[in-house]
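J.: The lines below spell out each chain.
There are 2 protein chains.
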Amino acid sequence: MKEITREGVSYMTIRRLPQYMPLLRAALDAGDHCVSSTKISDFFGLDPVLVRKDLASIGITGQARLGFPVRELIGGIERFLGWDNLSEAFVIGAGNLGRALAGYGGFGQHGLKIVALFDTDPEKVGKVIAGKRVTDMTKFASLVERLRVPIAILTVPPEAAQDAADAAIAAGIKAIWNFTPTKLTLPDAIIVEQVDLAASLAVLSSRLVSATRTPRQYEEQPVNDM
Amino acid sequence: MKEITREGVSYMTIRRLPQYMPLLRAALDAGDHCVSSTKISDFFGLDPVLVRKDLASIGITGQARLGFPVRELIGGIERFLGWDNLSEAFVIGAGNLGRALAGYGGFGQHGLKIVALFDTDPEKVGKVIAGKRVTDMTKFASLVERLRVPIAILTVPPEAAQDAADAAIAAGIKAIWNFTPTKLTLPDAIIVEQVDLAASLAVLSSRLVSATRTPRQYEEQPVNDM
Numbered sequence: 084m085k086e087i088t089r090e091g092v093s094y095m096t097i098r099r100l101p102q103y104m105p106l107l108r109a110a111l112d113a114g115d116h117c118v119s120s121t122k123i124s125d126f127f128g129l130d131p132v133l134v135r136k137d138l139a140s141i142g143i144t145g146q147a148r149l150g151f152p153v154r155e156l157i158g159g160i161e162r163f164l165g166w167d168n169l170s171e172a173f174v175i176g177a178g179n180l181g182r183a184l185a186g187y188g189g190f191g192q193h194g195l196k197i198v199a200l201f202d203t204d205p206e207k208v209g210k211v212i213a214g215k216r217v218t219d220m221t222k223f224a225s226l227v228e229r230l231r232v233p234i235a236i237l238t239v240p241p242e243a244a245q246d247a248a249d250a251a252i253a254a255g256i257k258a259i260w261n262f263t264p265t266k267l268t269l270p271d272a273i274i275v276e277q278v279d280l281a282a283s284l285a286v287l288s289s290r291l292v293s294a295t296r297t298p299r300q301y302e303e304q305p306v307n308d309m
Numbered sequence: 084m085k086e087i088t089r090e091g092v093s094y095m096t097i098r099r100l101p102q103y104m105p106l107l108r109a110a111l112d113a114g115d116h117c118v119s120s121t122k123i124s125d126f127f128g129l130d131p132v133l134v135r136k137d138l139a140s141i142g143i144t145g146q147a148r149l150g151f152p153v154r155e156l157i158g159g160i161e162r163f164l165g166w167d168n169l170s171e172a173f174v175i176g177a178g179n180l181g182r183a184l185a186g187y188g189g190f191g192q193h194g195l196k197i198v199a200l201f202d203t204d205p206e207k208v209g210k211v212i213a214g215k216r217v218t219d220m221t222k223f224a225s226l227v228e229r230l231r232v233p234i235a236i237l238t239v240p241p242e243a244a245q246d247a248a249d250a251a252i253a254a255g256i257k258a259i260w261n262f263t264p265t266k267l268t269l270p271d272a273i274i275v276e277q278v279d280l281a282a283s284l285a286v287l288s289s290r291l292v293s294a295t296r297t298p299r300q301y302e303e304q305p306v307n308d309m
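So the sequences go chain by chain: A and B.
Every position in the first sequence, counted from 1, becomes a number in the numbering used here once 83 is added.
Every position in the second sequence, counted from 1, becomes a number in the numbering used here once 83 is added.
Extracted from the complex, chain A is given alone in its bound form (with noise of 0.2 Å):
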């Protein structure tokens, strides 16, 4: 898939920015008006060079001395990531995980609403998951024309990762967030994040496993040697 950012802002800025919000939010609240990039670079470990490019990039620059203005690069962050207009998203699959992220309170606060979710079962459609409807699939068009929905949460089996998709976009959805560990094939114009906890998951048991299985590598290392 094509590579789309905003104005040539990086992958990795993008992703560092919602980083920074907590910090930026807790020194709006002790009253500071301006908050310098030592300050942020400090409290996470980041190279203060790299944390004033990530702010600069999203169009806010800093006053020597002075360093950022607080509430200028929250609003900044908040318009460029669109947390100031809501996305509102259909989960497709209400099996376990669609099921999580659906009662998951956090998403508001990332401008990102789940309206309702989408399955095929007639045992799961009609249930209701944190004040959310399952639908039956087959109404997923009509809703998403209706009440133009952008983004998809796709949370089905591996195997219907794919028809799932189609379906989502034939509908006109606009971006598809991928928990499933299917690499989906489509339109370069659709926007495409996979969170693929399987793989993470898979990644962390078999070093694990391989950890406990030669213990020397603990010997060598203590485990509470800080």
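Honestly, the hints are just simulated from the structure, not real lab data.
There may be inaccurate statements among the hints.
Just so you know, same-sequence chains aren't split out, so a pair can sit in one copy or run between any two.
The calculated DSSO-like cross-link candidates involving lysine-lysine, where the alpha carbons are at most 27 Å apart (straight line), are [unchecked claim]:
1) LYS207 - LYS196
2) LYS210 - LYS222
3) LYS196 - LYS222
4) LYS266 - LYS222
5) LYS122 - LYS266
6) LYS136 - LYS266
7) LYS122 - LYS136
These numbers were taken from a predicted model, which means no experiment stands behind them.
For this one, chain A is given, so just place chain B on it according to the hints.
T.: Just chain B, lined up with the frame of chain A:
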């Protein structure tokens, strides 16, 4: 952090292994004794050479014309990923995300069992989430030692992440599944895998903002042009 892989198997191979399992289990259920690497590669849109390399790397080799033995493959991957032996985990941070992960029923089939949640907030301590009790963080170290729990799942606020990780490691935790955006500084022997949902969502949202503010992209690439 030093990359720890098992017997030289690459990070990307390990990440792909869980993906093969549903197909292999379906083949077993259908009574197939063998499966060809081409069948697997076609299904996932992968290079067959890559699939053979992945499977060979866990010590299973195929036979000409017959393919790979399904039962051995499943057993081999399960052993490799430690799925044959449930690893127990404590969740640190009983906020929205911690509760969602504790309530997610899908980790069991990936070899992970969440045993309890921990928090410092007296209002959260004592609550029961999906059969798991939220326990006071002061009891964390003694419970890690008594139950020999190797994994901590970190879902605390970003500014509390490093301290929580340090406490976990001092208590004897060997692996941290880090769901905070904080880049942790830890001893080399500690296994860390990070899942940064906020960062992934930030990339998705900023691309969506970008796409909706430059509608020309969609005229050039109609969303239903499959």
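J.: Are there hints from earlier that the structure breaks, and if so, what are their numbers?
T.: none
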